[in-house]
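Asker: I would like the entire structure built from these sequences, with the hints used as guidance.
Numbering (full-length UniProt numbering), first residue to last: 1 to 135.
Incorrect hints may appear among the rest.
Claimed, not checked - Below are the BS3-like pairs computed for lysine-lysine, each with C-alpha atoms no more than 30 Å apart in a straight line:
hint, residue 1, residue 2
1, 30, 7
2, 59, 93
3, 93, 38
Don't read these hints as lab results, they were simulated from the structure. Keep in mind it's a predicted model, so treat the numbers as computed, not measured.
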Amino acid sequence: MDQKAGKFSIGSFASSAGVNVETIRFYQRKGLLPMPRKPGGGSVHRYGDADVARVRFIKSAQRLGFSLGEVAQLLELEDGTHCCDVRVLAQQKLVDIREKLADLHRIEAVLSSLVQDCCERRETERCPLIVSLQR
1 MDQKAGKFSI
11 GSFASSAGVN
21 VETIRFYQRK
31 GLLPMPRKPG
41 GGSVHRYGDA
51 DVARVRFIKS
61 AQRLGFSLGE
71 VAQLLELEDG
81 THCCDVRVLA
91 QQKLVDIREK
101 LADLHRIEAV
111 LSSLVQDCCE
121 RRETERCPLI
131 VSLQR
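Answerer: See below:
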């Protein structure tokens, strides 16, 4: 492996990017990662440092909650000159996250109440949580 030239086999590339080989292949199928060249007419694809950076970009965006479709949009804007467009995508992601948080808070309140009801029930009554799930 010629790491000085920034060339990696798929296994070392995946390891350097912090993912497994199947993740690399999945990203290629989804069009997020281009298929690399085979230098010198060889049979092995070789990956470079830019490919490692691209996978890390994808993983970072996913950790922020972006879907792969949204990641594809971000990759189209990754040259850094489309800040307003990126901001629009990020603002929409914030709206989505806040909606999910509100839903989670509602779920938490209902579940918390049901747990409390379970603790206060008498042995002759049916479990309030089970009863609520059967409705």
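Asker: Which hint numbers doesn't this structure obey?
Answerer: Hint 3 alone not satisfied by this model.
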